[in-house]
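From first to last, the protein sequence lines are chains A and B.
No gaps in the numbering here: position 153 of the first sequence is 153 in my numbering, and each next residue is one more.
To get my numbering, take the position in the second sequence, counting from 1, and add 10000.
The set of hints was computed from the structure by calculation and includes no laboratory data.
Honestly, I wouldn't trust all of these hints.
In silico BS3-like links for lysine-lysine, alpha-carbon gap of 30 Å or less [unchecked claim]:
no. : chain 1 : residue 1 : chain 2 : residue 2
1   : B       : LYS10650  : B       : LYS10356
2   : B       : LYS10140  : B       : LYS10214
3   : B       : LYS10450  : B       : LYS10469
4   : B       : LYS10004  : A       : LYS6
5   : B       : LYS10248  : B       : LYS10198
6   : B       : LYS10004  : B       : LYS11012
7   : B       : LYS10209  : B       : LYS10265
8   : B       : LYS10456  : A       : LYS67
9   : B       : LYS10469  : B       : LYS10418
10  : B       : LYS10469  : B       : LYS10493
11  : B       : LYS10004  : A       : LYS157
12  : B       : LYS10356  : B       : LYS10651
13  : B       : LYS10004  : A       : LYS5
14  : B       : LYS10650  : B       : LYS10456
15  : B       : LYS10004  : A       : LYS156
Note that the structure is a prediction, hence the values are computed from the model and not measured.
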Amino acid sequence: MNVIKKFSVGAWITLAAAVMALVSVIVYTVNIGSAGYFQNAAVSNLTVFCVLAVAALAAAVALGQIKPSGSAASLVELVQGALQIAAPVLLTLCLANLVAARAEGLGFIYFSNADVIKEVQTPANLASATGTIANMVCLAAAMVIGMVGAFCGLRKKEK
Amino acid sequence: MRAKSFAPVMRGIAAIMACVLVLTMVGAGVADTFRTRIDDALRTQSYVTNTDPDSARFKSDYATIDDMMAAAKALAIKEGEEGTVIMKNDNGALPLADGGSVALFGLAAYAPYPYTAGDLKAGNEDAVDLLQALTDAGIKVNETVRDFYLEKVLNKHTEEVPNRWTGELETQVAYDNIYVAAPGDMAEYQIVEVPPEKFGEMGAPDDWKSSIDKANTTGICVFARGAGEGNTYAPGSALDFEGNATGKDPLALSDDELAVIDAAKETCSKVVVLINSGNTMVLKDIAKGGAHEVDGIAYIGVINDYQCTGIVKVLTGQVNATGALPDTYVADNASIPAVMNFGGGYYADYEIVGRKDDPRYPGVEIGNETAGSFGGSDTYNGGHFIVEAEGIYVGYKYFETRYYDSVMNPGSKASSGKGATQDSAWNYGKEVLYTFGHGLSYLDYTQTLKSVDVDKTPDGNVTAVVELKNNSSQDGYFLAQLYVQQPYTDYDKQNNVEKSAVMFLNSAKAQVKAGGSVDVTITVPSKYLASYDYTNAKTYILDAGDYLFTAAPGAHAAVNNFLAHQGKTAADGMDAEADGAVVTWNVGTLDTDTFSVENGTKVTNVAETADLNYWTGTNTVTYLSRHDWEGTYPINYNTDVEIKLADSPKKDEWIAELRGETYTIQNNSPATEGGDKGVRFDTTNIQYEQLENVADSFWDTLVSSITIDEAVGAVIHGGSRSDVLTNVENPIVIQNEGVSGFTATHEETGYRFNVHSQTLLASSFNPELAYEWGRVEGNSGLWLQRYHLWGTGLTQRRTPYNGRNYEYISEDPMLSNRMGCGILQGCADMGILNGPKHMGFNDQEHNRGGVSAYMNEQKFRETDLRCFQGGLEDADGMAVMIAFNRIGATNASHHVGMLQKILRDEWAYTGLISTDMMNNKYYFNAESMVMAGITQVADFGGDDNHITLGEGGVDATWAYISPKTVANDSALVEQARQNLKYQLYTFANSAIMNVSTERVDTWWDVALRNAKYISGALCAVTAAAWVILTVIPDKKKEV
Chain A
1 MNVIKKFSVG
11 AWITLAAAVM
21 ALVSVIVYTV
31 NIGSAGYFQN
41 AAVSNLTVFC
51 VLAVAALAAA
61 VALGQIKPSG
71 SAASLVELVQ
81 GALQIAAPVL
91 LTLCLANLVA
101 ARAEGLGFIY
111 FSNADVIKEV
121 QTPANLASAT
131 GTIANMVCLA
141 AAMVIGMVGA
151 FCGLRKKEK
Chain B
10001 MRAKSFAPVM
10011 RGIAAIMACV
10021 LVLTMVGAGV
10031 ADTFRTRIDD
10041 ALRTQSYVTN
10051 TDPDSARFKS
10061 DYATIDDMMA
10071 AAKALAIKEG
10081 EEGTVIMKND
10091 NGALPLADGG
10101 SVALFGLAAY
10111 APYPYTAGDL
10121 KAGNEDAVDL
10131 LQALTDAGIK
10141 VNETVRDFYL
10151 EKVLNKHTEE
10161 VPNRWTGELE
10171 TQVAYDNIYV
10181 AAPGDMAEYQ
10191 IVEVPPEKFG
10201 EMGAPDDWKS
10211 SIDKANTTGI
10221 CVFARGAGEG
10231 NTYAPGSALD
10241 FEGNATGKDP
10251 LALSDDELAV
10261 IDAAKETCSK
10271 VVVLINSGNT
10281 MVLKDIAKGG
10291 AHEVDGIAYI
10301 GVINDYQCTG
10311 IVKVLTGQVN
10321 ATGALPDTYV
10331 ADNASIPAVM
10341 NFGGGYYADY
10351 EIVGRKDDPR
10361 YPGVEIGNET
10371 AGSFGGSDTY
10381 NGGHFIVEAE
10391 GIYVGYKYFE
10401 TRYYDSVMNP
10411 GSKASSGKGA
10421 TQDSAWNYGK
10431 EVLYTFGHGL
10441 SYLDYTQTLK
10451 SVDVDKTPDG
10461 NVTAVVELKN
10471 NSSQDGYFLA
10481 QLYVQQPYTD
10491 YDKQNNVEKS
10501 AVMFLNSAKA
10511 QVKAGGSVDV
10521 TITVPSKYLA
10531 SYDYTNAKTY
10541 ILDAGDYLFT
10551 AAPGAHAAVN
10561 NFLAHQGKTA
10571 ADGMDAEADG
10581 AVVTWNVGTL
10591 DTDTFSVENG
10601 TKVTNVAETA
10611 DLNYWTGTNT
10621 VTYLSRHDWE
10631 GTYPINYNTD
10641 VEIKLADSPK
10651 KDEWIAELRG
10661 ETYTIQNNSP
10671 ATEGGDKGVR
10681 FDTTNIQYEQ
10691 LENVADSFWD
10701 TLVSSITIDE
10711 AVGAVIHGGS
10721 RSDVLTNVEN
10731 PIVIQNEGVS
10741 GFTATHEETG
10751 YRFNVHSQTL
10761 LASSFNPELA
10771 YEWGRVEGNS
10781 GLWLQRYHLW
10791 GTGLTQRRTP
10801 YNGRNYEYIS
10811 EDPMLSNRMG
10821 CGILQGCADM
10831 GILNGPKHMG
10841 FNDQEHNRGG
10851 VSAYMNEQKF
10861 RETDLRCFQG
10871 GLEDADGMAV
10881 MIAFNRIGAT
10891 NASHHVGMLQ
10901 KILRDEWAYT
10911 GLISTDMMNN
10921 KYYFNAESMV
10931 MAGITQVADF
10941 GGDDNHITLG
10951 EGGVDATWAY
10961 ISPKTVANDS
10971 ALVEQARQNL
10981 KYQLYTFANS
10991 AIMNVSTERV
11001 DTWWDVALRN
11011 AKYISGALCA
11021 VTAAAWVILT
11031 VIPDKKKEV
């Protein structure tokens, strides 16, 4: 518990980003596993990038709690910082890929011609579209929180 | 404040900038994908249409019509130069001596085939015939013989004859005596060559013989054979000059022609015979050892307006002879295994196909007898069939493989008497006079294969480098030919995969300085090395083993190279020694994967029903196989066995197919009616993305607007031009005939551009020349403002007897494939739709409107279809015309396997698919053609077609079709719309919409690009600052 007490606000923000990223993976998995337009519509590398981002965020927080001396201190700080930069970048890639993959489908569901829109907007398709949008929101939130976390140190300053 | 405390800030900014960079990079790609929609939303414009004629997408290569005409003429002369084949040249007969004299014998010497203008010949005023070309070249032509032929024998005049199609009287050239230009439908063929014994009574001067300076004169005898649509030669049908039956092959030189040759030999010191025909002739009597042997023989094909100038340049040696034979010349056509099954005959019980109760035609008694090419009676016309039991062994592939096996695999019984016509045992040297690829060069040269690189990937190429070495003291032009031998393995024998011992791949020509050498690179897609295994793997395979490549002047020299490489010599039975110069490429294990997927489509059997054995349920047909030449040599399946439909375990299915019931209209799935979707066929809607991608959603939206009536009506009727579709507002595209080029006359000049000779282009063996012709043909379309023609023929010449052989290229699929690729690409580059005829085994004109051609799937894929594959898959061919006949029991225009599975899916072809002129509504079934993917049926329909133009608001041809009867078959209606989608897409990509579109940057393109650069720079700077601030020593500790 002593370790947690040393978490700075930045560490909590970073962990929040990780949690949000995990949530987005879950939402994504449920979305493509459920009936509807995007069923089985996997997005290339999305899960892999998301999991990597979560791992990077968790590793950054962990590294932030150790305090080596000498030149090792700078090295640890660089690795920790690099992970704080990499994580939101990975999440951004996930978001961009998801938007690219889903834009046409969302357009089809919400903006089809009047004569076919009733056939398109089935409950399942609308639920699928909503799930995808939720997925995008989660990813965007994780990305933004991750960016904010990159401004922060991850360990309370010693007094 | 310490500088180090800024490190987290820098890190945070670096993270944001990195994210922005990623967003802009990925976002730019996404935005590009949805460019049109973003433009719509933001009211921006990514493409501008340039209607300036100078900026047209397709512009003529020629600034003036005079330049255009000069280019067409130059190309035609070049065809003569490159296509003339010196087959035999002894005693220095050729080239003709500079300033020498000739005496011209034979009707065709003064009126080469074809002598009248029309589809085949342009007939321009500045046309040059053989006599004129010889005179222009400074050759003295014996005037006595000339005047006798011109004035007493031919007596050229004009006649009024009715036009074949319109019936209007037209003025045509005619002669008192002329060879028969149309041999008829397996009718008797009179060879109208005036024998010398008649010269006197026809008014020849008594001294005509003595008028010839024998010592200094070469006799040139020219003999022609006619051809044409609906014509098929019948073996043994020849009549002589008097009209008496001779029992001889009409393609063999007649006794009257041989008498003319004898007269020439008597009066001239040397005699050269010119073969003026698109059908391979039988020249045994005048070849080496023949009873009427001559000094020289040359092939000049079917000529047009200007080719004679080029031909004479070869005859006089102004240019080196580089033409090669596109077909094998044999001593007797009966030795050709395909001839064993030619012409066809009835099933024993063909009548059972006929019926009185076809629900589509109530009250009509429909028979099953054969009908003419253009119908005329109520019949399914499915009574006749042939079995193409020779498989892949067409032309040289049979003769050369059998020769190879006679040396290498005597156990195959290659030397047995089966198929022998010249001796009791089969002997290549006696059966074959001149092989495929044969052609003598005046200048001594060698061709040596230096290297071969095979890229064994689905889209890879074989790249061969051939050294052409000019051993003469003159600069010259030379031909290099590339051949391959695929391994013939135990796997092949077990699974009925046949391999020719030699296969032509491609060829090229080059100029070489005297004594010098030039390396020529020849490429061909690697996929053509694969063979189709229809019994086991059911896909294309590459056998394990050595693939032998060689460069050689003809198929026979290539085979001898392979034999020599494999350690054989004349002592083993080879008929000539060879250097065995071969490059080997090895495949370690049987490869059933590499070529099993094409353009994302799994390649597998699609024509099992083409095999007669499928229907009979037994091994009724034995296909010719090199593992046992004697036991598998084809029998005649029309006379030697009895085929009864009623005996088939699939009798009902078979009969239904012969009745054209490939598809039946459904009544359980309502189709969506079309309507205005707010899109049109115009430059506003059709931008770069739509031109590039037939899968762009625009096209589906566009064709969804077509009404049910128009969608089905526009597909199942038409032929002379495309329909205007109400909600599409597409342009009208007029179709044009012209295997020799556009037959339309240029209004200002009166010039006709159909100056091409398909036969001489074929014998040029030069794919680059084929491209040049295609480009000239395309250019002429731009000048004529005609954009669509049926402008070449690519069907394989299965036998010498087909009356359409003059429109086709060769007996060899790969020569046809490479030449077709060149012609169609040349036209496509000018935006002109050039549709080759007649895909799907138009192997005879006799009963073409219904004859069933049965075959196995290896033949199906590796012979006729391969002829078309180069132009329609490898090049950007935009149209194709389908054959009249059946493939198996299925009308070729109903054949989903050929048209949808192979053409559309495997070949990813996006162009037009037209029927030939639909002639019989009981044979051509409208719904089956729609479902097979036909984009427009060719018939004599009106301009804009509907399925309401018949009595009572039904279709005028197929009365069971109306908007009401098809409205509940959504699959049919949607397929009709899909077919029209391909038509419209093709029109959009042609010169019909001859405007260019240019991409311009919108403000959001600029913003995205700038954001990318700025974020990238800031990311780099802040990341560097973060690293520096992180690693600098902590000053507090230094104190």
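Here is how each hint holds up against the structure:
Between LYS10650(B) and LYS10356(B), the direct Cα distance comes to roughly 22 Å. Compliance with the 30 Å bound is thereby established for this hinted pair. Pair hint LYS10140(B) plus LYS10214(B) holds up; C-alpha atoms about 13 Å apart against a cutoff of 30 Å. Annotation: proposed proximity of LYS10450(B) to LYS10469(B) holds, straight-line Cα distance about 12 Å (limit 30 Å). Distance check on the hinted pair: LYS10004(B) and LYS6(A) sit about 21 Å apart at the alpha-carbon level, within 30 Å; holds.
Restraint check for LYS10248(B) and LYS10198(B): the C-alpha separation of about 21 Å stays at or below 30 Å, so the hint holds. Taking the CA atoms of LYS10004(B) and LYS11012(B), the gap is near 28 Å; set against the 30 Å cutoff, the hint holds. Straight-line distance between C-alpha atoms of LYS10209(B) and LYS10265(B) comes to about 11 Å, which keeps the hinted pair within the 30 Å bound. Between LYS10456(B) and LYS67(A) the alpha-carbon distance is near 57 Å, which puts this suggested pair outside the 30 Å criterion.
Restraint check: the Cα-Cα separation between LYS10469(B) and LYS10418(B) comes to about 41 Å, which exceeds 30 Å; the hinted pair is violated. Restraint check for LYS10469(B) and LYS10493(B): the C-alpha separation of about 40 Å exceeds 30 Å, so the hint is violated. For the given pair, LYS10004(B) sits about 14 Å from LYS157(A) by alpha-carbon distance, which is consistent with the 30 Å threshold. For the hint pairing LYS10356(B) with LYS10651(B), the CA-to-CA distance comes to about 18 Å; that is within 30 Å, so the pair holds.
A distance of roughly 25 Å separates the Cα atoms of LYS10004(B) and LYS5(A); the hinted pair therefore holds under the 30 Å criterion. With a C-alpha separation of about 41 Å, the suggested pairing of LYS10650(B) with LYS10456(B) is violated against the 30 Å cut-off. Our distance criterion of 30 Å between C-alpha atoms is met by LYS10004(B) and LYS156(A), whose separation comes to about 17 Å.
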